[in-house]
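Numbered per the numbering used here, the sequence shown spans residues 2 to 115.
It is possible that part of the hints are untrue.
Claimed, not checked - Simulated restraints, written as ranges between beta carbons of each label pair:
#, residue 1, residue 2, range
1, 59, 102, 14 to 24 Å
2, 13, 82, 14 to 24 Å
3, 5, 98, 22 to 32 Å
Stated by the list, open to error - Only pairs whose alpha carbons sit at most 20 Å apart, straight line, appear in this in silico EDC-like list of lysine to aspartate or glutamate:
#, residue 1, residue 2
4, 15, 31
5, 98, 86
6, 15, 5
7, 98, 78
8, 98, 84
9, 15, 43
10, 98, 43
11, 15, 86
12, 98, 72
Hint data in this document are derived by calculation from the structure and do not stem from the laboratory. We put the CB at the ideal spot given by N, CA and C, even for glycine.
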Amino acid sequence: MSREHRKALVSAYKERKARPGVFAVRSLSDGGAWVFSTPNLENRRNGLWFALRLGSHPHRALQAAWTARGEADFVYEELEAVDPEGLAAWQLAERLKAREAYWRTRLAAGIAEG
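Starting from the given sequences, assemble the full structure and let the hints guide the process.
Here it is as structure tokens:
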């Protein structure tokens, strides 16, 4: 890889914008879902799976289900992207919280904290 190509890739990576939104972690065996919101849908799955693999995810019910059933039983599903354009940080946080509540109700999902 040439130096110029590498530099262009790094620049493109740094310039990408975060995509806030709401996602669910679903159990394939029982259909259960845990709903969360995040300021960055692109990066959240990797961090979430990492914490679950280590057994250190703060949501106890999700961690217990993961530990009992294994990684193969779970899928990450993006439910909704939220457009942050024109929103202050606090407004975006409120919008994410509201959309998370909507999706929890719609999916009758388990309550996820954080």
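Status of the hints after comparison with the structure:
At roughly 19 Å, the beta-carbon separation of residue 59 and residue 102 lies within the given 14 to 24 Å, and the hint holds. For the pair residue 13 and residue 82, the supplied restraint of 14 to 24 Å holds, since their beta-carbon distance comes to about 20 Å. Separated by about 44 Å at the C-beta atoms, residue 5 and residue 98 break the suggested range of 22 to 32 Å. For the proposed pair residue 15 and residue 31, the alpha carbon gap of about 39 Å is over 20 Å, so the pair is violated.
Using a Cα cut-off of 20 Å, the hinted pair residue 98 and residue 86 holds, with the two alpha carbons roughly 17 Å apart. Of the supplied pair hints, the one linking residue 15 and residue 5 holds, its CA atoms being roughly 15 Å apart against a limit of 20 Å. With a C-alpha separation of about 17 Å, the suggested pairing of residue 98 with residue 78 holds against the 20 Å cut-off. Taking the CA atoms of residue 98 and residue 84, the gap is near 14 Å; set against the 20 Å cutoff, the hint holds.
Among the hinted pairs, residue 15 with residue 43 is consistent with the structure: their alpha-carbon atoms are about 13 Å apart, no more than 20 Å. Restraint check: the Cα-Cα separation between residue 98 and residue 43 comes to about 18 Å, which is no more than 20 Å; the hinted pair holds. For the suggested pair residue 15 and residue 86, the alpha carbons sit about 19 Å apart, so the restraint of at most 20 Å is met. Only pairs whose Cα atoms come within 20 Å are accepted, and residue 98 paired with residue 72 is rejected, the gap being roughly 27 Å.
In this structure, the hints that do not hold are numbers 3, 4 and 12, in rising order.
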